[in-house]
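Asker: Read off the chains here:
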Amino acid sequence: MTNKKWLKTSMAIIMASAMLIAGCSNGGEKNAGNKEGGKTEGSEVSTEPVTFTYFGFGSNKDVLASDTTIGKVLQQQTGVDWKMEFVVGDASTKSGVMIAGGEYPDVISPVAELEKLIDAGALIPLNDLIEEHAPNIKRVYGDYMDKIKSEDGNIYILPYTANVNGYLTEPDVGQGAFWIQRRVLKEFGYPEVKTLDQYFELIEKYQAKYPAMDGKNTIGFITSAGVSGDFYSITNVPMHLAGYPNDGNVMVDMNTHEAKVYAASDYEKKWLTALNDINSKGLLDPETFTANKDQYLAKLTSGRVLGYFNYGWQTGDATNNLKAAGNDDLRYVGLPIVFDESIKDAYIDPPAFVNNRGIGISVSAKDPVRIIKYWDNLLTEENQKLVQWGQEGETYSKNEEGRFVMDKQQLANRNDNEFKRSYGWAYFDYEWPRYGSNSILEDGNSYSVGNQPEVAAANYTEGDLKLLEAYNVETFSKMFAQPVERPWYPAWSILKEQGSPEQIFNQKSEDLQKKYYPKLVFASKSAYESIWNEYVKEFGKLDVAGFEAFITNKVKERVAGNW
Amino acid sequence: MLMLMSLPFLAWVILFKYVPLWGWTIAFQKFKPAKGIFDQKWVGLDNFTFLFKEEAFYLVLRNTIVMSSINLVLGFLTAIVLALLLNELRSVYFKRTVQTISYLPHFISWVVAANIVQTALSPEGIVNILLLKLQLIDQPILWLGKGEYFWGILGVSEIWKNVGWNTIIYLAAILTIDPAQYEAAEMDGASRFQRIWHITLPGMRPVIVILLIMNLGFILESGFEPQYLLGNSMNVDYSENLDIFVLKYGMQMNNYGLATAAGMFKTVVSFIFLIAANHIAKRLGQSRLY
Chain A
1 MTNKKWLKTS MAIIMASAML IAGCSNGGEK NAGNKEGGKT EGSEVSTEPV TFTYFGFGSN
61 KDVLASDTTI GKVLQQQTGV DWKMEFVVGD ASTKSGVMIA GGEYPDVISP VAELEKLIDA
121 GALIPLNDLI EEHAPNIKRV YGDYMDKIKS EDGNIYILPY TANVNGYLTE PDVGQGAFWI
181 QRRVLKEFGY PEVKTLDQYF ELIEKYQAKY PAMDGKNTIG FITSAGVSGD FYSITNVPMH
241 LAGYPNDGNV MVDMNTHEAK VYAASDYEKK WLTALNDINS KGLLDPETFT ANKDQYLAKL
301 TSGRVLGYFN YGWQTGDATN NLKAAGNDDL RYVGLPIVFD ESIKDAYIDP PAFVNNRGIG
361 ISVSAKDPVR IIKYWDNLLT EENQKLVQWG QEGETYSKNE EGRFVMDKQQ LANRNDNEFK
421 RSYGWAYFDY EWPRYGSNSI LEDGNSYSVG NQPEVAAANY TEGDLKLLEA YNVETFSKMF
481 AQPVERPWYP AWSILKEQGS PEQIFNQKSE DLQKKYYPKL VFASKSAYES IWNEYVKEFG
541 KLDVAGFEAF ITNKVKERVA GNW
Chain B
1 MLMLMSLPFL AWVILFKYVP LWGWTIAFQK FKPAKGIFDQ KWVGLDNFTF LFKEEAFYLV
61 LRNTIVMSSI NLVLGFLTAI VLALLLNELR SVYFKRTVQT ISYLPHFISW VVAANIVQTA
121 LSPEGIVNIL LLKLQLIDQP ILWLGKGEYF WGILGVSEIW KNVGWNTIIY LAAILTIDPA
181 QYEAAEMDGA SRFQRIWHIT LPGMRPVIVI LLIMNLGFIL ESGFEPQYLL GNSMNVDYSE
241 NLDIFVLKYG MQMNNYGLAT AAGMFKTVVS FIFLIAANHI AKRLGQSRLY
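Chains as they are written, first to last, in the working numbering: chain A, 1 to 563; chain B, 1 to 290.
What you were told as hints is all true, and nothing was included just to trick you.
When the alpha-carbon atoms are kept at most 27 Å apart in a straight line, the in silico DSS-like pairs for lysine-lysine are as follows: (1) K146(B) / K281(A); (2) K496(A) / K248(B); (3) K146(B) / K270(A).
None of these hints come from the bench; they were simulated from the model.
Using the sequences provided together with the hints, build the complete structure.
Answerer: Right, here's the structure in full:
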């Protein structure tokens, strides 16, 4: 008896709330005023507390959004909370399991698993949702509409790189570079280092002078080729040395827009010969191909490494720790190294739009409208300030000219991994719908903290300033050439169909490179040529021409405006 | 009545063991996860052709068989020997301690275990330091950088991780042996070693044979995690096994057809091994699976 009563009551409640929601979304404008709590614009949807699930294929620690300061604020605005989970272990295995099970979290940030999830029909098209419920999304992504639509005309994800109100270049180097320890430059009076030969020569000279540090041998040069999934840190280098930005495994000609695979090319040979050379001189870390991520980062933070190649974001943890340790001599500075002096470097990304990294709503989502509204609310200028800068007076301040600045403590917090987690920056400042990192806020301030010149300047240590002065530049990125517009950039984001010949080519060429790189680098001088020829022969068996034609075609389409 | 009682189990077997075999049809399709099984594109034997035409396939097949043979033989020997040794221990306290320590590594995940192995084997790791101190080598060895060492490293790691755990079933088998036999043997003046040889080992034999037959059925399952985690570009020719190959060309490219084809191949080979082993056991008059 009581049971039945309970059932009836709950049914009634469900019916009532269903009608309420239905009523609200139909006659939104009329009812909006009656609702309590919903202060943000266009909040005709319910603000009843609800918890959705979020899954990120980037690495992070699981968290409940409302446990972070930013998540709490956003929850107060919308009533929506998030159970945020991140991948542990192998991402592609995880996505495979997700697809096989057919059950998804409400929203997914698929990173490299996007193709697979779209292929499996895991994400819903957002076109109509955006059209009906999301003025802010339209504002932010409006200029990019043709680029975020996939070939079938649907929008499956909202990318992270849509720049708003202009383009601000970064003061620090976050991209690829040949990094060198500052004490090396200091020792030799801050010389100009342009070419690969000069770079290795300098390291060699330094190591001859100071072979050990704290009783352990210094390491001349290293890359993170041993880290599983990071093998591109060594295979991408010839492209940069030849003066091209990171287009993946091809170099695209500026004029003809022809894409060329540079694996097994003369560029690659030059690079590998150089590595072979420094290995025979004992400058290359023997663990180049075997150290895992922990071991690798431990080496960098130990200060024993004199030089390394990496993309800035690959070693963020290590460089932050080094900075926190406070010894400027043991920190690194990125240099735009090229094969010879006639080449103009292109390490810094040209203004680009990456359309295959973003966030989407899954087919399992219970309430896509609510989610799109949450995103739309997230994209208000106010909230975008929140996810980057935090709250005024607490995590940043305004000076008389209205510029955003941070004092020492605030800045330390902004760079501290623990604080970033508890405040929510670690969760909300990247893998959500957002302005691109190079955006400018309406009041003229930089969107991202690191790009604000005042903050960058305040961020510099004495050692930084000395170094900048020695090279006569204002910011570290000024040591690099200004990027040139490349309308297709980056070519690596070109979508390749699952299981297509292009994907198989990628896999097979990577397999070959993995096999032959260590052989070549550690080869004796006499054996080098024959191993190289064997590698070229093996590589020739792959359908290089077919792959190049595919990429060239897509590049040309992009140049013509069809993304 | 008995027939009736077995019905639910029959249903269970059909539902969970035979119905999924239907999924093998995926091996003959270009499978798209979101579509129903009848909307798939049929490609005939394409997936098998890709597999058997691929040079790398035979390499990974070799690696798989070698590594799982190593695991099988070493795993058996060490577990049986450890069980015998533990059984001979008088002090219960010491026995318990040894057992606990030896099966603890079984409970750490391979991710952690592989990290321990990697750290121990790095040029500045404990293994090299030890060998240098003992003056057995004069240069640190890059253990994980030499492909030829990989199988050995894997074998030792597997034993370290699983020997204690594998021992449990043998210890249980030993417990079933009638103590009267030991007493009788002791009366007749059998030495400790003779007792092991003539009573304990024959007493364990049924369990050993059954486990051997069953494990032969897994001859193409050399494990996935240790190879994946310890493998790198320098030992890839020795470390890459069938499962990693399937992961790369099947799962990562959403090519489930290929993955299923490889799975089918594995099942067929395992089946042959299982039947052959069982047949041999039958011939030798040993206990067997069926």
